[in-house]
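**Q** Chains A and B, in that order, are what the protein sequence lines are. Per the working numbering, the first sequence runs over residues 16 to 260. Per the working numbering, the second sequence runs over residues 16 to 260.
Because the hints were derived from the structure by calculation, they are not lab data. Take the hints with a grain of salt, since some may be wrong.
The list treats identical chains as interchangeable, and a pair is accepted whether it falls inside one copy or across any two copies.
With a Cα cut of at most 20 Å, we get these calculated EDC-like pairs of lysine to aspartate or glutamate [stated by the list, open to error]: (1) K198 with E166; (2) K191 with D62; (3) K116 with E249; (4) K116 with E190; (5) K88 with E64; (6) K248 with E118; (7) K88 with E30; (8) K18 with E215; (9) K231 with E162; (10) K216 with E73; (11) K116 with E159; (12) K198 with D62; (13) K163 with E190; (14) K183 with E249; (15) K248 with E30; (16) K198 with E249.
Protein chains: 2
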Amino acid sequence: MGKITIVGIGPGSLEDMTPRALNAIRQAQVVAGYNTYIALVRELLTDKEVIGTAMMQEIDRCRMAVESAFAGKDTVVISSGDSGVYGMAGLVLELVLQYPKAERPEVSIIAGISAVNAAAAILGAPLMHDFAVISLSDLLTPWELIEKRAEAAAQGDFVIALYNPKSKKRIHHIEKIRDILLKFKSPETPVGIVNNASREKQSAVISTLAAFTTEKIDMFSLVIIGNSKTYVKEGFMITPRGYTV
Amino acid sequence: MGKITIVGIGPGSLEDMTPRALNAIRQAQVVAGYNTYIALVRELLTDKEVIGTAMMQEIDRCRMAVESAFAGKDTVVISSGDSGVYGMAGLVLELVLQYPKAERPEVSIIAGISAVNAAAAILGAPLMHDFAVISLSDLLTPWELIEKRAEAAAQGDFVIALYNPKSKKRIHHIEKIRDILLKFKSPETPVGIVNNASREKQSAVISTLAAFTTEKIDMFSLVIIGNSKTYVKEGFMITPRGYTV
Chain A
16 MGKITIVGIG PGSLEDMTPR ALNAIRQAQV VAGYNTYIAL VRELLTDKEV IGTAMMQEID
76 RCRMAVESAF AGKDTVVISS GDSGVYGMAG LVLELVLQYP KAERPEVSII AGISAVNAAA
136 AILGAPLMHD FAVISLSDLL TPWELIEKRA EAAAQGDFVI ALYNPKSKKR IHHIEKIRDI
196 LLKFKSPETP VGIVNNASRE KQSAVISTLA AFTTEKIDMF SLVIIGNSKT YVKEGFMITP
256 RGYTV
Chain B
16 MGKITIVGIG PGSLEDMTPR ALNAIRQAQV VAGYNTYIAL VRELLTDKEV IGTAMMQEID
76 RCRMAVESAF AGKDTVVISS GDSGVYGMAG LVLELVLQYP KAERPEVSII AGISAVNAAA
136 AILGAPLMHD FAVISLSDLL TPWELIEKRA EAAAQGDFVI ALYNPKSKKR IHHIEKIRDI
196 LLKFKSPETP VGIVNNASRE KQSAVISTLA AFTTEKIDMF SLVIIGNSKT YVKEGFMITP
256 RGYTV
């Protein structure tokens, strides 16, 4: 019986992947992941069997990875960012736990730098206070629940980080969320948008809640909306912790 | 003029620190940080000037670090976890931005594995869906705002991660938060508690919302409270993303 390890590779560059994650990949015989993420760690995979599939085939991919561990091969499933945040950790665990305990490969999870943390570091210090993380993808979540969470987070004056803010099929979701947030937050609230954090085409812009939806936003964007204290100074987005300086 | 870099060292072990963070520390002439965190990276500091101070002296420590950069020395300020989440990134930025632009050291921020991500990986996969991060420390935040955020997060059915859940002076805050959450969440909601993630004395326990406050919780604990779908199976805490497996 092989073991199965779910690894967060961080936002993109190997510079942002931990030694624990790197070593897990190096020691694996099989590495499974979405093709885009496989490409990010390509140089580590020269001697590996690779299970790479297109987006939307997560279940098949993870099932193949679990079967590979059953077949005696040490197997790693990679997610970008942190495999524990909208990544593959949950799905792999759910699949493995379908088998009786005695017949099961050992599972472990290795955290990575999550997209929200990578984006925050590029923008300045927007996450210095309480924050909420919401995915706008309604593939697996009812849209009503996403709206409810956005409203609750705004009511609580959380800094709000949006994953999956937009895709080709979901171009108006972000505007609906903006309208909900505008019920509770000032139109001048700073909004940071980071595209391709820690990858070749990295870009970042700081806008406002009233205006940010006109910026370039796609499925590789991470959007951070400030709380009532967040301000912008000379290109840095800062949510004060509350120190008197 | 030196440069100043704010570095998240991750939860504790050097195995969880990124190469980008490691290199920033290696290249620095001066490293500033809370004594406990300085001790975690002691082996990297043999040739460094160290500005280590006890807790609660953050402003002095960061001011000394900024002055060190002004004095021409490349300086790193370390935080445990991610320096961008309740860490030193904001404070250092605020201090540096008090100076006129032309006279200012260059500032950059390097993300680290945040405590919530490290704890989640140890517990299983509790952060697979939308989550809110709240600090229970009321040193810099009015207690009423903390209560309001806990209530908002519970109303939105977020997974809720609590930083600074308890200290010697704040032993009943966690019980007040439990009572607020119980207004919206089932008493059987899984709660994971991780102490000293990725450090020598690491421990983890999974309890319920009704019972978890009797577990060992201190300022080095990270508490993760599930959403309405979170379940525990054979020691793993899992918040399903929504896949049909």
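**Q** For each hint, tell me whether it holds in the structure or not.
**A** Quick rundown of the hints versus the structure:
{"no.": "1", "hint": "K198 with E166", "result": "both (9 Å within a copy, 18 Å between copies)"}
{"no.": "2", "hint": "K191 with D62", "result": "neither (47 Å within a copy, 54 Å between copies)"}
{"no.": "3", "hint": "K116 with E249", "result": "between (56 Å within a copy, 9 Å between copies)"}
{"no.": "4", "hint": "K116 with E190", "result": "neither (46 Å within a copy, 36 Å between copies)"}
{"no.": "5", "hint": "K88 with E64", "result": "within (10 Å within a copy, 47 Å between copies)"}
{"no.": "6", "hint": "K248 with E118", "result": "between (57 Å within a copy, 16 Å between copies)"}
{"no.": "7", "hint": "K88 with E30", "result": "neither (27 Å within a copy, 24 Å between copies)"}
{"no.": "8", "hint": "K18 with E215", "result": "neither (33 Å within a copy, 24 Å between copies)"}
{"no.": "9", "hint": "K231 with E162", "result": "neither (22 Å within a copy, 36 Å between copies)"}
{"no.": "10", "hint": "K216 with E73", "result": "neither (25 Å within a copy, 36 Å between copies)"}
{"no.": "11", "hint": "K116 with E159", "result": "neither (37 Å within a copy, 46 Å between copies)"}
{"no.": "12", "hint": "K198 with D62", "result": "neither (54 Å within a copy, 54 Å between copies)"}
{"no.": "13", "hint": "K163 with E190", "result": "within (15 Å within a copy, 26 Å between copies)"}
{"no.": "14", "hint": "K183 with E249", "result": "neither (33 Å within a copy, 39 Å between copies)"}
{"no.": "15", "hint": "K248 with E30", "result": "neither (28 Å within a copy, 35 Å between copies)"}
{"no.": "16", "hint": "K198 with E249", "result": "neither (28 Å within a copy, 43 Å between copies)"}
The structure is inconsistent with the numbered hints 2, 4, 7, 8, 9, 10, 11, 12, 14, 15 and 16, although it conforms to all the rest.
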